[in-house]
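We have chain V; now place chain Z onto it with these hints.
So the sequences go chain by chain: V and Z.
This note's numbering numbers the first residue of the first sequence as 565 and each following residue consecutively.
This note's numbering numbers the first residue of the second sequence as 20 and each following residue consecutively.
Keep in mind the hints are simulated off the structure, nothing from the lab.
Built from N, CA and C at the ideal position, the CB exists for glycine as well.
Check before you lean on any hint, since a few could be wrong.
Stated by the list, open to error - Every beta carbon over 12 Å from chain V, so not counted as near; a handful from chain Z, in silico:
#1 T26
#2 Q30
#3 K33
#4 T34
#5 Q36
#6 N47
#7 M60
#8 G61
#9 L62
#10 G82
#11 Y83
#12 S86
#13 S94
#14 S99
#15 A120
Stated by the list, open to error - Label-pair distances were calculated between CB atoms; the ranges are:
#16 T671/V with V107/Z: 36 to 44 Å
#17 E603/V with M60/Z: 14 to 22 Å
#18 S669/V with G22/Z: 37 to 45 Å
#19 L88/Z with T633/V: 26 to 34 Å
#20 S573/V with F29/Z: 36 to 44 Å
#21 T633/V with T34/Z: 45 to 53 Å
#22 S590/V with N117/Z: 15 to 23 Å
#23 Q578/V with T34/Z: 40 to 48 Å
#24 N631/V with F29/Z: 19 to 27 Å
#25 H571/V with F29/Z: 28 to 36 Å
#26 V131/Z with V618/V: 20 to 28 Å
#27 P27/Z with I626/V: 41 to 49 Å
Residue strings, one per chain:
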Amino acid sequence: GENVEQHPSTLSVQEGDSAVIKCTYSDSASNYFPWYKQELGKRPQLIIDIRSNVGEKKDQRIAVTLNKTAKHFSLHITETQPEDSAVYFCAQRPHNQFYFGTGTSLTVIP
Amino acid sequence: NAGVTQTPKFQVLKTGQSMTLQCAQDMNHNSMYWYRQDPGMGLRLIYYSASEGTTDKGEVPNGYNVSRLNKREFSLRLESAAPSQTSVYFCASRPGVNTEAFFGQGTRLTVV
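Bound conformation, chain V alone (with noise of 0.2 Å):
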């Protein structure tokens, strides 16, 4: 999507690995940071988001940095298993317009 950039763009890790994807914003106003994940054959769902107030935030196995300075944020998923499987999007609201970065197919190998 416009003005975000996401790596890698495919990613495999084996089961109880950790994994990381990166996205990259240019738009130094935006203050959302939001996470989807997306099984094949189904609709985007949020796992995390994070608001440029704070510089992390974490939910069970699953963490988002922040560095506005850098102007990227992560995700992090720790001790990975086979339903953590899926393609990731990160998500980037310059104004009223909402742009997803090109996605992440994860594959985690039992």
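Here is chain Z on its own, set in the frame of chain V:
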């Protein structure tokens, strides 16, 4: 509370035909969006409506039109379908600017 509902779920069109994709949300959200999803391209914004009565172009608006009929409904129209418009279309809504977006189940459109 059904959330965001899209119709139809599947559609096959011939080149040059027209159709309207319907989207309705029952969460009293202000903002609504239309995206298309193609392999390797992620979700690309077609049009959005920040509030009832307003619509604006996104990244890929060519070949599409939209109508924000009321606060609940936001439709996407293809006036003359082309094979390049074969895609999965998602409607989404949000209550406000720094809030979660909720998606419909998607419409798989094939143009032959």
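Each hint tested on the structure:
Taking the minimum C-beta to C-beta distance to chain V, about 14 Å, the non-interface status of T26/Z holds against the 12 Å cut. Every Cβ of chain V is farther than 12 Å from the Cβ of Q30/Z; the closest lies at roughly 17 Å, confirming the non-interface assignment. With a minimum CB-CB distance of about 25 Å to chain V, K33/Z clears the 12 Å threshold, and the non-interface call stands. Every beta carbon of chain V lies more than 12 Å from that of T34/Z, the smallest distance being close to 26 Å; the non-interface claim holds.
For Q36/Z, the condition that its CB be more than 12 Å from all CB atoms of chain V holds, with the nearest at approximately 26 Å. Every Cβ of chain V is farther than 12 Å from the Cβ of N47/Z; the closest lies at roughly 17 Å, confirming the non-interface assignment. For M60/Z, the condition that its CB be more than 12 Å from all CB atoms of chain V is violated, with the nearest at approximately 6 Å. G61/Z, annotated as away from the interface, has a beta carbon of chain V within 12 Å; the closest lies near 4 Å.
The claim that L62/Z lies off the interface is violated: its Cβ sits roughly 4 Å from the closest Cβ of chain V, which falls inside the 12 Å cut-off. No beta-carbon of chain V comes within 12 Å of the beta-carbon of G82/Z; the shortest separation is about 18 Å. With a cut of 12 Å on Cβ distances, Y83/Z stays outside the contact zone with chain V, its closest approach being about 16 Å. Every CB of chain V lies more than 12 Å from the CB of S86/Z, the least distance being 18 Å, so the non-interface label holds.
No beta-carbon of chain V is positioned within 12 Å of the beta-carbon of S94/Z; the least distance is around 18 Å. Distance check for S99/Z against chain V: the nearest CB is about 26 Å away, which clears 12 Å, and the non-interface claim stands. At roughly 6 Å, the least C-beta separation between A120/Z and chain V is not larger than 12 Å, which violates its mark as non-interface. T671/V and V107/Z have their C-beta atoms about 21 Å apart, which leaves the hinted 36 to 44 Å range violated.
A hinted range of 14 to 22 Å for the beta carbons of E603/V and M60/Z is consistent with their spacing of about 18 Å. Checked against the hint of 37 to 45 Å, the C-beta distance between S669/V and G22/Z comes to roughly 26 Å, which is inconsistent with it. Taken as a hint, the range 26 to 34 Å is violated for the pair L88/Z and T633/V, whose Cβ atoms sit roughly 43 Å apart. In this structure the supplied range 36 to 44 Å is violated for S573/V paired with F29/Z, their Cβ-Cβ distance being about 28 Å.
Distance hint for T633/V and T34/Z: a CB-CB separation of about 50 Å, consistent with the stated range 45 to 53 Å. About 18 Å separates the C-beta atoms of S590/V and N117/Z, a value consistent with the hinted range of 15 to 23 Å. Restraint check, Q578/V to T34/Z: a C-beta distance of roughly 46 Å satisfies the suggested window 40 to 48 Å. Checked against the hint of 19 to 27 Å, the C-beta distance between N631/V and F29/Z comes to roughly 42 Å, which is inconsistent with it.
For the pair H571/V and F29/Z, the beta carbons lie near 33 Å from each other, so the given range of 28 to 36 Å is met. The hinted window of 20 to 28 Å between V131/Z and V618/V is violated, with their beta carbons roughly 49 Å apart. Look at P27/Z against I626/V: about 34 Å separates their beta carbons, and that is not inside 41 to 49 Å.
Hints 7, 8, 9, 15, 16, 18, 19, 20, 24, 26, 27 from the list above are not met by this structure, while the remaining hints are.
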